[in-house]
Structures are given as C-alpha cells and as structure tokens.
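Chemist: First to last, the sequence lines map onto chains A and B.
Following my numbering, the numbering of the first sequence begins with 90 at its first residue and continues without gaps.
Following my numbering, the numbering of the second sequence begins with 59 at its first residue and continues without gaps.
Source of the hints: derived by calculation from the structure; they are not laboratory data.
Treat the hints loosely; a few may be bogus.
Covered stretches of chain B, as calculated for chain A (at least 3 residues, CB under 8 Å) [stated by the list, open to error]:
1) 105-114
2) 138-151
3) 155-166
We put the CB at the ideal spot given by N, CA and C, even for glycine.
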Amino acid sequence: MRGFRPFFLKELREIARTWRIWVLPSIVVVFALTGPVLAKVMPEILRSMSSEQLGGAVISLPEPTWKDAYAQWVKNLTQIVTFALVIMLGGTVASEVRSGTAIMVLTKPVSRPAFVLAKAAANAVLVTATTLLGAAATWAVTLAVFGEAPLRPIVQPTAAWLAWALFLVAVMTLASVLVQSPSGAAGVGIGVYAAISIASLSRWAVEHTPAGLIGAPGALLAGDRPPLSWPLAATALIAAAALAGAAVLFARKEL
Amino acid sequence: MTTDAAVELAGVTKRFGDVVALDRVDLRVPSGVIFGFLGPNGAGKTTTIRLLTGLARPTSGEVRVLGREVTSAGFEVSSRVGYLPDVPAFYEWMTGEEYLAFVASLFGLESSVAKKRAGVLLEAAGLAGVRTRIGGYSRGMKQRLGIAQALMNAPALLVLDEPTSALDPIGRKEVLDMIEALAGKATVFFSTHILSDAERVCDEVAILDRGRVVANASVDEIRSRAGRKVALEVAGDVERVERAVAAAAWCRGVTRVGARIEAAVSDPGSAQRDVPAIVAAAGAGLVRFETVEPTLEDVFVELVERAS
Numbered sequence: 090m091r092g093f094r095p096f097f098l099k100e101l102r103e104i105a106r107t108w109r110i111w112v113l114p115s116i117v118v119v120f121a122l123t124g125p126v127l128a129k130v131m132p133e134i135l136r137s138m139s140s141e142q143l144g145g146a147v148i149s150l151p152e153p154t155w156k157d158a159y160a161q162w163v164k165n166l167t168q169i170v171t172f173a174l175v176i177m178l179g180g181t182v183a184s185e186v187r188s189g190t191a192i193m194v195l196t197k198p199v200s201r202p203a204f205v206l207a208k209a210a211a212n213a214v215l216v217t218a219t220t221l222l223g224a225a226a227t228w229a230v231t232l233a234v235f236g237e238a239p240l241r242p243i244v245q246p247t248a249a250w251l252a253w254a255l256f257l258v259a260v261m262t263l264a265s266v267l268v269q270s271p272s273g274a275a276g277v278g279i280g281v282y283a284a285i286s287i288a289s290l291s292r293w294a295v296e297h298t299p300a301g302l303i304g305a306p307g308a309l310l311a312g313d314r315p316p317l318s319w320p321l322a323a324t325a326l327i328a329a330a331a332l333a334g335a336a337v338l339f340a341r342k343e344l
Numbered sequence: 059m060t061t062d063a064a065v066e067l068a069g070v071t072k073r074f075g076d077v078v079a080l081d082r083v084d085l086r087v088p089s090g091v092i093f094g095f096l097g098p099n100g101a102g103k104t105t106t107i108r109l110l111t112g113l114a115r116p117t118s119g120e121v122r123v124l125g126r127e128v129t130s131a132g133f134e135v136s137s138r139v140g141y142l143p144d145v146p147a148f149y150e151w152m153t154g155e156e157y158l159a160f161v162a163s164l165f166g167l168e169s170s171v172a173k174k175r176a177g178v179l180l181e182a183a184g185l186a187g188v189r190t191r192i193g194g195y196s197r198g199m200k201q202r203l204g205i206a207q208a209l210m211n212a213p214a215l216l217v218l219d220e221p222t223s224a225l226d227p228i229g230r231k232e233v234l235d236m237i238e239a240l241a242g243k244a245t246v247f248f249s250t251h252i253l254s255d256a257e258r259v260c261d262e263v264a265i266l267d268r269g270r271v272v273a274n275a276s277v278d279e280i281r282s283r284a285g286r287k288v289a290l291e292v293a294g295d296v297e298r299v300e301r302a303v304a305a306a307a308w309c310r311g312v313t314r315v316g317a318r319i320e321a322a323v324s325d326p327g328s329a330q331r332d333v334p335a336i337v338a339a340a341g342a343g344l345v346r347f348e349t350v351e352p353t354l355e356d357v358f359v360e361l362v363e364r365a366s
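The following block holds chain A by itself, in its conformation from the complex (with noise of 0.2 Å):
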C-alpha cells in the first residue's frame, strides 16, 4: 500500500480545489435547506391551485409537520442524491486513465492498490461529510420551520443511505476500473442500482442482501424497525470485495 497517504492527501486537496467540491455538496445542500421549506409551503400552494384552478373543488390536506421535512430529506437522498453519485463516482479511476495522469503517479513508487483505495478513501469522506452537513441543515431548517426537529428521525434514515451511499462507493470504484470511460462506469453503476431495486421486489433480498437499504430510510422514518442486520452485514461484504476487486484487478491492467 506504498503510497496511500500521499496519494490520498492529493485526492482530499482536489475534492477541495476543483468543481467535486461543488457537485454532490451543492445538490445535498440546496436539497436540505430547501426541503423542509417546501413541506411547509406546498400545502397552502395546493390549497389555492384547488379554489382557483379546479373549479372550486376543494383537497383536504392535514397540516405540515417535520415529518413532511424529513419525508422530503429522504425521499431526495434515496431518488436524486443517488443518481447524481453514480454519475459522479463513474470517473474515479477511469477519467485518470483517460487522461494520462495516472500514468504520471503509477510510474512513481505508488502501488496500484493505494492508487484506488485512496480514490475510494477520498470519496468515501466527501459523501460522509456531505451527508452529515445535509442532515444537520435539514435538521436545522426543520426546526427553525416546525419549531419542532427531533434527532433520531433523521439521523436513522441518513445513517441507513450512508451505509447505501458507501456501499455505492466500493461498486463504482470497481465499475470505473472495469469500464474505460466514466460515462460507461456510470452506466453500469445505474444498471446495478437497477437491479438491486428490482431485487428488493423480493422479500428474502430485502432481508439479506444490499436491497434491504433502498427502502430501509423510509421505513425507518415512518417509525417503522426493517430488518438490517444481514443486509448491512452483506452489503459490508459485498462492498469490501468490490475493492478488493477494483485492486486487484487495476494491478494487473496494462496502462
């Protein structure tokens, strides 16, 4: 692993430096300060399009709570938030191939395993630290909107996306080792998104495999106790041998 620390301090100082430092923060973030202002607003929005536009029928609709700001949180996590990581993760390694500086590091005394797991290590620490800055402004927005945010709502839903988020992470990593170009690595990284989502059609996946984690956020919001065990346990599994993986196999690539 001669070069991990280097490599990874590189990685960090680019996350900060370039348009990455924008990208998946910026979208969080819009999303999380202006979720729960939606959840307070759209009601009363509905309420007039229903005297104004509908001929006078009237909807009935309950009045906001932070349980409508965190539904939002959620819910943009689970549908946007992830796409736009996928998209995102699609060059980790690839798009350094492509353009040549890979060659420039691996040339050096830097081994081809801490070349990518430093890449999968930044990552991991921008989409932790962007999913706890946009928990902590839904969180705080919510309450300075409801008057009312209590903690282990949120933070159960986001901790069971993160485990997703990382999980993802390890899958791109691999994805963007197998495929040369990121926006294939992203393809492909939407096509196992895709099928984990229809896997978690079935009862026994959501229970043991990593498809329990794609509703797990909801049902834990709606105060419900999904079964996580295995599907954290094998999800960990799985994502340690895509990295596994992702080494191994980018040593043994021709660059």
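With chain A fixed as given, assemble chain B onto it according to the hints.
Modeler: This is chain B only, laid out in the frame that chain A set:
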C-alpha cells in the same frame, strides 16, 4: 545478461492480439550514456518504454532496468527511475511547485530536500516564480515541468518519450540543453523520431523499425555504416557529367539537384582521383567538389528502407 547496463531487453516480444508490436527485441543501454531510441512513428518505441516503466508486461522475453527484472522488482526500480511520457498530463488545478511537492511526497523525500530540489528544478525549467496553475501552462512549459518532475528523485535512469516532438525550435533547444546537462550524472533513455536531436545529444542510439532493432551502436559507429558520398557542382553540360559519373566503377548511385550532383561511392579515394578528369572530359568546369559526411538521417533512412 550483464549487470553494468542501465537497460537490457532480451528476446522481448509484445503482442496486442494478432499485432506484434515488438518482435524478439534485444537491446542494451550502458550506464551513464545518453541513449537515443530512434524509429518512425508506430515502430514500437512507446511500447518499449511502457515495458521499461512497468506500465505493461512483455508477452515473452526479459526486461531488466538498473539490473533488476522490471515485473518483479517492485519499487526498487521505480524509485530510481524518472519518466516523462510523450504527452505529460498533470493535475491542472495544481501549480508547478505544488506538483513537484506532490511528486516528492510519492518518493517519500523529506520536505527540506524536496523544497530545495523543487526550487533548483523549477529554476532549471524556467518555471521559478510561475504562480499560474498548470492548466494555464503552454505545451513547452508542461514539457519542461515534465522533465523537472522526472528528475525529482535524482534518478539513476531518466526515460523520456519523444520529449521534443511537439515543441517549437526554442522549446526543443531548451529541452535538449536540459538533457545534455545530465551527461555523466544519469543514464538518459530518450525516444525520438527527430534525428538531428539524437545526433546532437546522444552517445549511443538504437534504431527500431516495425518492432525490430535494426541497429544498436554509438552514433559514430552507426554513421560509419552508411555508404560514403561525394558531391560536385559543375558548370556546363551537367547531364553529361551525371551520366559519366554514374558509369564509373566506384559509383553506387547518383542524384542531381540543379548543377549539384551527389554520388554514393564505394571507394572515395578513386572518386576523388577520377572526378576532375570526368568533368574535364565532358567539357564542363568543376566549381566545387567535396566528400559528404553521412548523417544519422542517412543511416536511418538506409536501414529502414533496407528492412522494408
């Protein structure tokens, strides 16, 4: 294989599917020389360099760098080699100074050593005080930074892939000056298809054509393999003189541009004795007569044409 060589290839073949990029290549680069690796585009130069740097593996044969087999040497080789690819790619958000500091950290250099060395190399590369990010560098600046980063570890072997091919004349001169300054301090292995560059700075060269080494010797020795030539400039019936020269026993071929006739000769001494008489017999006047020193380009063209 001997051990005093910086680079040794023995029976190296590299295939890409059905395509044979390198065909049983044998090559030896003595330590301490500036070595030119010549060949037309597509000859296999970059493939050879990818094998030397461990970016690719030979299909068969053995590649030794600094006495170690590359594929099994681990970091023992890479920590003593500097490498510049044909189109160096950098992290464009860094400055040149930051990039050299990053390279130093990959080699595990102490920060005081790294800072001092980076300063010297940036100065030598004409990049001292440049605060622009690398993304704003010209091609020449990137090439010079590329050489500087390749020297950060004070390498025993510097491998440069076409370091001058995309540069303007001034940029080429600067890069060649940098290479020349390394004479005696490190072994320099550089590929090029610009023969005048090799002729200017190299001690030894190898010529690669379609995956095969067709010559590997010192520049003088390679030059001596070329047939000698004489050139004469005449006033009068040039065509008659040309025909007479072509008919001489020592003449191996004639070319003419205007009043200048150039003849490849098997025996320069006989040509020197006979030419004035031939010109006089043709009723022409001899304006100029000289023996032409063969250039590396002459040998290169001759060897590559012979091989094809």
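Chemist: Honestly, which of those hints from before does the structure not fit?
Modeler: Those not satisfied: there are none.
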